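Novice: Going down the list, the protein sequences come from chains A and B.
The working numbering applies: residue 45 is where the first sequence begins, and numbers increase by one.
The working numbering applies: residue 45 is where the second sequence begins, and numbers increase by one.
No lab work stands behind these hints, which were simulated from the structure alone.
Being a predicted model, the structure only gives us computed values, none of them experimental.
All C-beta atoms in this analysis are idealised placements derived from N, C-alpha and C, irrespective of residue type, glycine included.
Heads up, a few of these hints could be off.
If you want the footprint, here are the derived chain B segments under chain A, 3+ residues with CB under 8 Å [said to hold, decoys possible]:
1) 362-371
2) 392-405
Each computed DSS-like pair below joins lysine-lysine, with the alpha-carbon atoms no more than 30 Å apart [to be verified]:
3) A:K464 <-> B:K381
4) A:K405 <-> B:K405
5) A:K351 <-> B:K381
6) A:K132 <-> A:K355
7) A:K351 <-> B:K69
8) A:K312 <-> B:K381
9) B:K464 <-> A:K195
10) B:K584 <-> B:K69
There are 2 protein chains.
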Amino acid sequence: MQTWKPTEYFKRAPSISLSMFEIVKRDGLARLGRLETRSGVLETPALLPVVNPKIFTITPRELYDEFGFRALITNSYIIKNSDDLKAKAQSEGLHKMLDFPGIIMTDSGTFQSHMYGEVEVTNDEMVEFQKSIGTDIGTVLDIFTEPFWTKEETAESIEITLERTQHACDIKGDMMINGVVQGSVYPDLREDCARRMASMDVDVHPIGGVVPLMEQYRYSELVDVIIASKKGLNPNRPVHLFGAGHPMLLALATLLGCDLFDSASYAKYARDDRMMFIDGTFRIPDMQSLDCNCPACRGQTIESLRKMDKKVREKLVARHNLYQITDELSMVKRYVKEGRLWELVEMRCRAHPALLEALRKLKEHSEFLELTEPISRESAMFYTGTETRARPLFKRYENKLLERYVAPTEKAALFPDGGKPYSRHYASEFNKVRRAGYTPIVMSAFGPVPAELDEIYPLAQSLFPEITDRETDEESERMTFEFLAAAGFKEVREFEDIEDGDMEFDADLLRAKATARYQFEIPAADALFRGNIELIKSKKTGKIRNVISDGEHVLSMRAGDGLYTLRAEGAKRIMEAVPSPKMRVIIMDDAVPFVSEGKNAFCQFIIDADPAIRPMEEVIVTDKNDRFVATGRAILTRNEIKSFRKGIAVKIRSGSGDEA
Amino acid sequence: MQTWKPTEYFKRAPSISLSMFEIVKRDGLARLGRLETRSGVLETPALLPVVNPKIFTITPRELYDEFGFRALITNSYIIKNSDDLKAKAQSEGLHKMLDFPGIIMTDSGTFQSHMYGEVEVTNDEMVEFQKSIGTDIGTVLDIFTEPFWTKEETAESIEITLERTQHACDIKGDMMINGVVQGSVYPDLREDCARRMASMDVDVHPIGGVVPLMEQYRYSELVDVIIASKKGLNPNRPVHLFGAGHPMLLALATLLGCDLFDSASYAKYARDDRMMFIDGTFRIPDMQSLDCNCPACRGQTIESLRKMDKKVREKLVARHNLYQITDELSMVKRYVKEGRLWELVEMRCRAHPALLEALRKLKEHSEFLELTEPISRESAMFYTGTETRARPLFKRYENKLLERYVAPTEKAALFPDGGKPYSRHYASEFNKVRRAGYTPIVMSAFGPVPAELDEIYPLAQSLFPEITDRETDEESERMTFEFLAAAGFKEVREFEDIEDGDMEFDADLLRAKATARYQFEIPAADALFRGNIELIKSKKTGKIRNVISDGEHVLSMRAGDGLYTLRAEGAKRIMEAVPSPKMRVIIMDDAVPFVSEGKNAFCQFIIDADPAIRPMEEVIVTDKNDRFVATGRAILTRNEIKSFRKGIAVKIRSGSGDEA
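Isolated chain A (complex conformation) (with noise of 0.2 Å):
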């Protein structure tokens, strides 16, 4: 039966430098993160400051001590072309040169070639420079491919761009680099440039050449480019958006997987009189009053701010611009340890058309973004907007009730949406239309809802709207009808048409068998509920807790998200009726007496796993002959499991060895 060897196609990225990027939680594509450099380390998603050299509106000791930025950039083109800031650079070392006890990163002269055409320098000079300057972590002189060049320029470009970036890892020494993804607009540029910078040893990975579109609101264009880099890139190394600084975007490119940011603008705007806000950028002229009770606006008004020395009302706003920013930028942090980034996403996307379209260009990229999508959440879904239905969950639920359904009879009583869960909603309802031999089916805002799964994560964990809008409606109907063909009903019938009838049902019964298949797919779920069953309910709620096939205790139901927690017992029924990958993750011989402990499963002893595997999803850990090994939660995809050289890759929940 096992022809497939895990050993024959796993193949692990070129081996490169360890990683210095953890994950300590996610949510989706977006991450907290843990960075590791000779300077401390940064946690992310995080803001680096743009500090330059000739000029501090806001000191780095006070980035450092009063907003508690821990990292910063500065540009050491600059510092090379001014013989003072050359010298001292070099004699005292950057960071005693700033004054800064932080992360320092450096930029390479790149953007200023974007700004006023060539610049004097090579590759070589400005990466040796770096080091030489004791930068943390520096850039390659890549060529900053603009959103008006043709596909050709910019593709000539990236072969530049990468001699360059493989010629700087060959040099960098023990300084970090960054391998900056170009591109342009051309998704399929940045994608393939992203995957040849991603076999190389660099050690963060900026997206460039994204400022004018920025600067333009080009933000749906924003959203390709930072996919397009996503899917070529390895997991494992933080994604820095280079020049995104503003507050309102700072929600949705962390969902796109960006971990870090740095920020010009704090300090531009503060000398043009502009200050930033969550919801866009005022002019000091143009405000009609200030309403921000910032440390840096404190007791101020707009009029006291217009009489202000121009010097002294500069640093304000450039304090209240940084103030803005290290909010969003916690308040993001929340939603995600919430695992709530798409609300948060959603909510901020209304400030301006422009970000509504990236918020709406989400939807074409669903298939990737599925891949991370958490199979559950520990919040209830908010429905905010006609957009959330282009969320990864509502297509994955649609494609696994088509694939996974059985339906117990041949009729179908539909209902129209009510109060969850459904089934103690419409309870007697329920039974009456199930004593007349019909199965009901909700027709929700996730499309149609059987009886048997109404408590599971999403579909009894969110918030709708009572007021529907017609693009859900219509949707909603559309699936019904797909899913009624499919699940070859052969009679629909509205539920106040049906008469009551005296057919017997096991409601229980029916929900635990429907639950497996809809999680585990028919197979196993058949593996599962084999021979005689026996449901184990809470006396409190009445809710399944346990299954026990044939004496056997298989599953527990968890109440909170209604979904299965796998038992050995039930593991192993799923090993013999479905063969490796499926649901595996495969460990290596020497991981095996620790996770069959009970010890969680780490990256780096693990060989491969099904690339089905969603976060959050119940996996069997099995060593490489397929032996049961222990039950848990992944934490990872496979695809991060195979990047990530650090970090737990599934959470076990008891291995082989407990059970003696």
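Add chain B to chain A, keeping to what the hints say.
Specialist: Coordinates of chain B only, in the frame set by chain A:
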């Protein structure tokens, strides 16, 4: 010709005490106002923190000094029931007892009856007691109409509330009094109660009995309740949404015309370790992190909060909650000033599906909302989602287009949406199809836009995402079909299918006439465009500036919104063509000398006005014999002018006396 007599149909509201409320700025029903009281002026919208006279979480003095609150609410029933407090309040007065130099409103025990059943006092006692302790704004002992009451119960209790209110008005003396609109969830009862309350001599109108709706997230019913109340009330008194204090509700309630709010939650939540944020309320034990830079939280972490002494934390959280409220209220005011409150509301209502439902509920009230919707705004309109289509200006555009547009040719050329203004984006294409005898029509998110109208507000002054949604597409298509039929086009083609031709046309003249018809209706436009027409254009922009008809300068076009300002000669032509009260604001003889010299027309001098006038509309000011006095721009609607005794009704551009 003039059979209609203004003085015959005009009826003022019963003569009652001079209103102490004045509008400073408005955006639809939302308004920034000034309420005069004997303890100072209250700028609205304002939130009054609720102060428990027995325990101060934050002292009234701190509320005044630290937070800038100029008014608070305390409970006269609690004071009356405490021998100590009662004696103190009666001897030294409320202001001294609380040490609060601002405005003090008192509640009467009604909420206590809602919470704990009957209260042991009479209305008479409560009103007299409030007077005796120096309350600035007292409250009738009204009956709290619970949302679960039957309509009959509700109606009966309203009769008692109205009786008590009338009695309170009789005995209030120089205390201002709250006349509370009740009516549970029955809009007709709310409107009737409001209408009857409006005829009494009360000073402020709280909308009462809404706390349960807010506690249960029944925000869409709250919308119905507010709108029904607003329909019945006169616009000249502030409306207080009793018990509404959550920051996430303030923008929406202000949009619906509420001026006052209060919050007990800031302190109650603080006692329960619950922090208010613009996106919800969170329990400190559940919070993943504290991401707040408000003056109360600055420097704290969630861990430091948890470790803090309970009493210290309670005060800190109460202060945090107040800062959230004041920040949001400032934001609301800013958006009103900018004429962008719809945008803020549409952002805020994404924070919870129940708020989104409330936003969607507005569609049912668009006819009422249209009455105060301005003709034009200074800032561009942002589309934030399908809900934006329910704003009253969409329906208004459709109606005016269907009623007032005259097709210049019998053939229509359809264009897809594009850059704005369309006549620049499609410059050569428009010319080409026009030469072939076709009228260009762009299918936009507003529906069909004929080339002649593409620069008027909000068609050109609006931003939409380029990725449209199904509802907008379908509505645009439906409207286009209806419009093409109504306008009498005999042939319709896609613009690409049209061959060039050699017909002559005058695009400027077409625009000039179509705009006049759209803005002033067809008969007035015909009068304005009589005889020989000369168009004066801007040398710089090429845009129409002035319309000269038979040598008379009748109209000027504003570059900002593409609409006309009316000149005296134009006004006189309209007066000849269309009878009063069309476009008229009729003033008393006493005011004629002032207004004819260009002074603004104030409410108290106005006899009547055209009910079709909307804010920002061009109007003709006449005397009672329909003699021309001035041209100007309406600030208020007829209903508002009738109601207010203070404030500018029409900003005069030029009076008949100016011409001399």
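Novice: Check whether three or more residues of the segment 362-371 of chain B sit with their beta carbon closer than 8 Å to a beta carbon of chain A.
Specialist: holds (count 3)
Novice: Run the distance test for K584 (chain B) versus K69 (chain B): straight-line Cα separation, threshold 30 Å.
Specialist: violated (33 Å)
Novice: Is the hinted pair K464 (chain A) and K381 (chain B) satisfied, with a Cα-Cα distance of at most 30 Å?
Specialist: violated (42 Å)
Novice: Taking 30 Å as the top limit, are the C-alpha atoms of K464 (chain B) and K195 (chain A) close enough?
Specialist: Roughly 28 Å separates the two Cα atoms, so the pair holds.
Novice: Would the pair K132 (chain A) and K355 (chain A) pass a check requiring their Cα atoms to be no farther apart than 30 Å?
Specialist: holds (27 Å)
Novice: Can you confirm whether the C-alpha distance between K405 (chain A) and K405 (chain B) stays at or below 30 Å?
Specialist: Measuring from Cα to Cα gives roughly 27 Å; hence the hint holds.
Novice: Take a quick look at whether K351 (chain A) and K381 (chain B) sit within 30 Å of each other, Cα to Cα.
Specialist: Status holds; Cα separation ~21 Å.
Novice: Count the residues of the segment 392-405 of chain B whose Cβ falls closer than 8 Å to any Cβ of chain A, and tell me whether that reaches three.
Specialist: holds (count 9)
Novice: Decide if the proposed pair is consistent with the structure: K312 (chain A) and K381 (chain B), CA atoms, cutoff 30 Å inclusive.
Specialist: It holds: about 27 Å lies between the C-alpha atoms, which stays within 30 Å.
Novice: Is K351 (chain A) within 30 Å of K69 (chain B), Cα to Cα?
Specialist: The hint holds at about 25 Å.
Hint check: violations occur at hints 3, 10; the rest are consistent with the structure.
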